[in-house]
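Colleague: Please put together the full structure from these sequences, using the hints given.
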Amino acid sequence: MAKFKLTDIHKLILSAAATRPDGNLLPPPEGLGELSEMLRTSYGELLQHKFAMEVETGDQTQVWRIGEGKTFGLIITDKGKAAAGEVQPPTAKPVKKIDMVLDMLRREQGATLAELIDATGWLPHTTRAALTGLRKKGHILEKATRDGATCYATMAVA
Numbered sequence: 001m002a003k004f005k006l007t008d009i010h011k012l013i014l015s016a017a018a019t020r021p022d023g024n025l026l027p028p029p030e031g032l033g034e035l036s037e038m039l040r041t042s043y044g045e046l047l048q049h050k051f052a053m054e055v056e057t058g059d060q061t062q063v064w065r066i067g068e069g070k071t072f073g074l075i076i077t078d079k080g081k082a083a084a085g086e087v088q089p090p091t092a093k094p095v096k097k098i099d100m101v102l103d104m105l106r107r108e109q110g111a112t113l114a115e116l117i118d119a120t121g122w123l124p125h126t127t128r129a130a131l132t133g134l135r136k137k138g139h140i141l142e143k144a145t146r147d148g149a150t151c152y153a154t155m156a157v158a
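Heads up, the sequence shown is in the working numbering, so the first residue is 1 and it goes up one at a time.
Take these hints with a grain of salt, some might be off.
Below, computed lysine-lysine pairings styled on DSS-like, alpha-carbon distance capped at 27 Å [as the list claims (entries may be wrong)]:
no.: 1; residue 1: Lys97; residue 2: Lys81
no.: 2; residue 1: Lys5; residue 2: Lys97
no.: 3; residue 1: Lys137; residue 2: Lys11
no.: 4; residue 1: Lys5; residue 2: Lys137
no.: 5; residue 1: Lys96; residue 2: Lys3
no.: 6; residue 1: Lys79; residue 2: Lys50
no.: 7; residue 1: Lys137; residue 2: Lys79
no.: 8; residue 1: Lys50; residue 2: Lys11
no.: 9; residue 1: Lys70; residue 2: Lys3
no.: 10; residue 1: Lys3; residue 2: Lys50
no.: 11; residue 1: Lys97; residue 2: Lys3
no.: 12; residue 1: Lys81; residue 2: Lys5
no.: 13; residue 1: Lys11; residue 2: Lys97
no.: 14; residue 1: Lys70; residue 2: Lys97
no.: 15; residue 1: Lys136; residue 2: Lys96
Hints were generated in silico from the structure; no laboratory data involved.
Modeller: Spelled out as structure tokens, the structure:
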């Protein structure tokens, strides 16, 4: 199994959590928007790889999931703090949507058009145009099918 590599979004989430007194990963850092499906995936990856852990919370702005009649949030772990320490502190510069698209396309499972639209807020034709722009810049996009939907992924730049 390949070593897990933190994306720019992971790094931004961890850096923001490391600066919060309670270490909460939620709400998302400014510039990442609402808790979209793409962000939920990023938080899930941080949890899976032990950069974060679940804790009970009563603060509705910090809810990650609801289960067993309780609400759960996410806090940064020591492993997450160590990773955040290796990252430059987040700047006021907003995350570019095209960078979010590239991060999603680099995931092992890639991204469907619907996931890209949800993450960026773009219209379908704008999202397809962005994919075309990435191809023109030399990114090799691979197409596959996942759950009946076309899925896009990129591994390298030509």
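Colleague: A separate judgement is required for each hint: does it hold in the structure or not?
Modeller: To see whether the hints hold, each was checked on the structure:
1. About 26 Å separates the Cα atoms of lysine 97 and lysine 81, which keeps this hinted pair within 27 Å; it holds.
2. The hinted pair formed by lysine 5 and lysine 97 meets the criterion: a straight-line CA distance of about 20 Å does not exceed 27 Å.
3. With a C-alpha separation of about 25 Å, the suggested pair lysine 137 and lysine 11 falls inside the 27 Å cut-off, and the hint holds.
4. With a CA separation close to 23 Å, the supplied pair lysine 5 and lysine 137 stays within the 27 Å bound.
5. Restraint check for lysine 96 and lysine 3: the C-alpha separation of about 26 Å stays at or below 27 Å, so the hint holds.
6. About 7 Å separates the Cα atoms of lysine 79 and lysine 50, which keeps this hinted pair within 27 Å; it holds.
7. The suggested pairing of lysine 137 with lysine 79 is violated, with an alpha-carbon distance near 36 Å, which exceeds 27 Å.
8. At roughly 14 Å between alpha-carbon atoms, lysine 50 and lysine 11 fall within 27 Å of each other, so this suggested pair holds.
9. The hinted pair formed by lysine 70 and lysine 3 fails the criterion: a straight-line CA distance of about 33 Å is larger than 27 Å.
10. Restraint check for lysine 3 and lysine 50: satisfied, since their Cα atoms lie roughly 13 Å apart, inside the 27 Å limit.
11. Distance check on the hinted pair: lysine 97 and lysine 3 sit about 26 Å apart at the alpha-carbon level, within 27 Å; holds.
12. Taken as a hint, the lysine 81 and lysine 5 pair is honoured in the structure, with Cα atoms around 15 Å apart against an allowance of 27 Å.
13. As the CA atoms of lysine 11 and lysine 97 are separated by approximately 16 Å, the hinted pair is consistent with the 27 Å bound.
14. Only pairs whose Cα atoms come within 27 Å are accepted, and lysine 70 paired with lysine 97 is rejected, the gap being roughly 34 Å.
15. With a C-alpha separation of about 18 Å, the suggested pair lysine 136 and lysine 96 falls inside the 27 Å cut-off, and the hint holds.
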